[in-house]
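Protein chains in written order, with our numbering: chain F, 1 to 629; chain Z, 1001 to 1479; chain G, 2001 to 2102.
Don't read these hints as lab results, they were simulated from the structure. You may find that some hints are simply not true.
[Said to hold, decoys possible] Think about it this way: if two alpha-carbon atoms lie no more than 30 Å apart in a straight line, the pair counts; the simulated DSS-like pairs of lysine-lysine are:
hint	chain 1	residue 1	chain 2	residue 2
1	F	K170	F	K573
2	F	K573	G	K2096
3	F	K573	F	K529
4	Z	K1292	F	K170
5	F	K373	F	K529
6	F	K373	F	K605
7	Z	K1106	Z	K1024
8	Z	K1024	F	K573
9	F	K117	F	K379
10	G	K2096	G	K2028
11	G	K2028	F	K379
12	F	K170	F	K548
All figures in this text were calculated on a predicted structure; none of them were measured in a lab.
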Amino acid sequence: MINSYSFFESPILALLPFYPLLSFLLLITFAKRLSWSQASFLSIGAIGLSALSSAVMVYQLQDQDFQIITVTLWSWFSVGNAQVNVSFYLDALSSVMMMVVSGVGLLIHIYAAAYMKTDENFSRFMAYMNLFIVAMLILVLADNLVLLYLGWEGVGLCSFLLIGFWYQEKANVLAARKAFIVTRIGDTAMAIGLFMLFSALGVLNIVDVNQMAQNSWQVGNESAYWIALLLLGGAVGKSAQLPLQTWLPDAMAGPTPVSALIHAATMVTAGVYLIARMNGLFLLAPEVMQYVAWLGAFTLLLAGVAALVQTDIKRVLAYSTMSQIGYMMLALGAGAWSAGVFHLMTHAFFKALLFLTAGSVILALHHQQNLFKMGGLSKRFPIETGLFFIGLICLVALPGTSGFFSKEAIIAELWSSPTAGAGLWWCAIIGALLTSIYSCRLFFLAFLGQNREEMHKNDSVGDELSRLRLPLIFLAVLSLFGGLISLDLSSVFIANTSIIEHSKEPSWLHPVAITTPFIGIVFSWFYFKQYRRNTGKPIVESQTAFVKFCRNGLGFDTLYYSCLVRPYCWLAKVNRLDIIDQIIMLNAWYITLWHDALSALQNGKLRWYAAALGLGVVCLAGVLIGGNS
Amino acid sequence: MIITIIMIGLLISGTLAWFSEGIKVNSARWIAIYTVFGFFVFFVTSIILTPLSFNELTLLTRLPWIDSLHIEYAIALDYLSIILILLTFFLAIICILVSWQEITDKKGFYYFNLLATFAGIIGVFSATDLFLFFFFWEVMLLPMTALIAIWGHENRYFAAIKFFIFTQISSLLMLVAIIAMAYFHYSQTGRMSFFYPDWLSLNVPIEISRYIMLGFFIAFAVKLPSFPVHSWLPDAHTQAPTAGSVLLAGVLLKTGAYGLIRFVIFLFPQAATEFAPIAALLGVISILYGAKMAFAQTDFKRLVAYSSISHMGFVMLALFSFNTIAYQGAIITLVAHGLSSAALFSMAGMIYSRLHTRDLNNMGGLWSSAPRMGGFALAFAAAAFGLPGLANFVGEFLSLVGAYQVFPVTVIFATFGLVGSAIYGMVLFQRCFQGPASEEIVDLSARELVISGSLFIMLVIFGLYPNLLFSYFTQIGIN
Amino acid sequence: MTAIPLEHVLIFASILFSIGFIGVIVRKNTLFMLMSLEVMLNSVGVAFIGAGSAWQQADGQVMFILILTLAAAEVAVGLALLIQMHQRFQSLNIDKLNKMRG
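Same shape as in the complex, but just chain F (with noise of 0.2 Å):
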């Protein structure tokens, strides 16, 4: 039924996610050896090698019969009678991703190229770059969970390297190494969930789990429960939900290509795409995917009300993130795969565009991050203000953008979803209202009204964002008509069977749903008039108790490091010695104590010995006199 093929048949779809290792390797090697122009048309053309080889796949799946393509390149190792091999699975969901990692990433790596050309490690940085491509296509291209743990890990690692790349900054490093710990958690779940998985069906192969599934349990099974709440366990960690978000806002560290390329189009959304490659196992356990969700819906909230007090502009963004992977999450658990994962693409559209318009702005401001020391750009970079326009368009669903139709389609879905209802379409629409409040507070802010810091005048900036656009038209253009990309996704979610009665709706649902933006806006109009408005009074954040609570991300990282960090470090520090050690070490000081005894006695002076002996003989009398009467 699936077309498979051996290393030698399909070249194209084996050698994918290799060019950029081999970019990778030489990059490492070379490194500062390498000229600025060599190390970019290495790893520029390493991805566009990968994009070129996804756009032919996808142009060859369409021949296929099942639309399926698998290519094994090796046998990786044997668990019991499963084989678990190298190979690459194509269908249609991995095609969309595998395009929007190749695709988006081509473009964020040109940008990159541009953006880091002065650090003087710019051969490191595109070397990590290109490793993460390679780590994400195999994620997204894996044809079992393990291969797929290896992408899952591989980009763990990358992220971990990005985040802390100028890592002679102590915060990095430990933004670095919390996105590393905290994801950590979510990958040890889904182990467990892959434990349970094999002992329950002795298979890892995602296409024979999600069949076996199907075929062998029942709707509710309580294995598949587990499983997939394990499973979920992983994705929450991977792309930044409830309860394992805290680590996306910090991860704003590394260099924004980072943060577009990982923490914003490509990795955060693995947690996404597991859950739809899964999907076959999740319907099964339909309580989890209301967990799903409901998880999605609480961040999505809880994301835009962090996302309005923000006052770093990539903070702002990473929240927007958060809520944005909120949405995806909400439609996986309603069962709208093919809404969320169509929101995955065109979130990775504007989220890249905005991210690297955010990008270019704060390059050209010398690294100004701070909304409240903005203000007034529109005037300075009136194209930048145009492309970041037209990405928070994109982010707010105004109508006709993609933004628009991926939102709406996942709205739609959710009031008559047997796992989803009413309660969660409202949490979307309040959602979509805090999206459009927090885009305009930063646009506002940031491109409006007056300029708020004095600016140098540096006539380099120009040639260097003209050097920035050339992406980001593209990904503008993408933003705009993403929207009319068909993803015709019908072939992988075949058990998608729950057929929604979209009759019983009430006809109001849709013009709320797409009037919701625009009440945002008109209330930030009129709520930010300030934030707007060449007044001359200076603008200050709000400093009260609730506004500083929420800008910390609601308190979940106070609560973590005092109920968490804080009792491992203690135990640590507490234990540092090694509590079992010292009881061994007892009998070395039982035995040292009398060995001092005994050695104290031993004091060389004549007379002691002579009353040792004395009391000897007055106590073996005794004995023996004791012993004879």
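Following the hints, put chains Z and G in place on chain F, whose structure we already have.
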């Protein structure tokens, strides 16, 4: 005869190295590396050329030794011991290379001790007479103690004595178990025997085997080391010279695991099954406790030492789950941990030779001046926390998948070791190489590049193509 | 002549022995220790004499002569050591000779 020739050869060349150092300076290390490399090649070619198949224990030599007690000189190999001997040879070369410039005092005697330890270890992996096994067990111990006590760091006597006493007490228990087993053989068949195949055919009642098994188990658990008896390891590792640490972590710990497989699980399957839940529990505690203790350390080598305890916990857990998958995982973990911990200890040695400290608080930001070193350190730390694509992942994954079939709850706890290992791995790497630069150091030299590069390549090969090992021991899985 | 009862002799001998023993223990000066030793030896001699007269046998007196010889030899060696000691350490304090402590 292969093994016998190699062991005698190693001892002779060790003696030669000892005396030649007095005649010509620096000749000892050349003699050592040529001999080890030569015997490595010799071993590999003779294994390939021999018509014997090593799917099960294949007797190579059997000569009477102490006739009155029926003690024999019996040497046999199977794929398990071949894999471990190959690992020993590979790490032996690494050991000599890391000592290349580190050892400046009594060089000749040092290489003699090193080669004598290798000979003892090879003997342990191939002896089939239990008395001979015990003999080699002690042979390997003495030069190792000397290595720690003479060429170690500031607190070396203490560490050496601690190491010696722990191993001695545990091996005394093993001796008692061996003698008891020999007497049992006598009472059953009327003939004393220390010969392993003879013992395999014995039918030991569970009441007796329980105690004899425990004797072996404790000896090997100390060597592994497992949770309550692990505390010799951090001291010994920290104080030993770099090659000593590499040898200890890379190979000596594996003798414990080897003993568990060969003499606990194969000889006393019934008693071992009965004991399995406790052993698995000890394994899990080792995993979590080791990871937690590793996080608490500020000494580079001590941190790696505790991480070894954590990794060996996986082996213990896997072995006592009596599952083919877990068993394969355990063997991969043995090899992978041998390579990765050897790599981390070599890294510690390289840093020590530059900064003259092992304290993580005195390091930081070394990456900017030594990018290659940092890259390799990251790769080795990643291997230690089980990054897929490197050998440790395959081992840990298979161990846990296999063990999950038997001890689901225990394995769920064990899996949290993955978080623990990520924490200490990250702490180790970041405190050394990231943060504000503390000092400028020289990047890896050619010799160090060879060491790190070869270890890394091995880790990648076994991580991406573990079938290289699997294809040999699929047949010897536990029933 | 009424015989002195053996008990009295033994009690006297043990008192004498104890005095000598305590002298050995408490005195630091080696000369006094030697003298105390003499007292102890003599107390044993008294005990032998008493025992010899109680059983009407000569063995006790033979033993006493033996002890007397021994005491003389011991004093000779002891005093010689004492002189040596005084020459080396300029002191007769026995506690200064604790070189052999454990």
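Here is what the structure says about each hint:
1. K170(F) - K573(F): Given that 30 Å is the threshold and the Cα spacing comes to 21 Å, the pair holds.
2. K573(F) - K2096(G): Violated. K573(F) to K2096(G) sits at ~50 Å, over the 30 Å cutoff.
3. K573(F) - K529(F): Given pair K573(F), K529(F) is violated - Cα atoms ~52 Å apart, limit 30 Å.
4. K1292(Z) - K170(F): The hint holds at about 23 Å.
5. K373(F) - K529(F): Roughly 17 Å between the alpha carbons, so the hint for K373(F) and K529(F) holds.
6. K373(F) - K605(F): 86 Å, violated
7. K1106(Z) - K1024(Z): 13 Å, holds
8. K1024(Z) - K573(F): It is violated: about 50 Å lies between the C-alpha atoms, which goes past 30 Å.
9. K117(F) - K379(F): Holds, at about 26 Å.
10. K2096(G) - K2028(G): 9 Å, holds
11. K2028(G) - K379(F): Given that 30 Å is the threshold and the Cα spacing comes to 105 Å, the pair is violated.
12. K170(F) - K548(F): Measuring from Cα to Cα gives roughly 23 Å; hence the hint holds.
Of the hints listed earlier, those the structure fails to meet are numbers 2, 3, 6, 8 and 11, in rising order.
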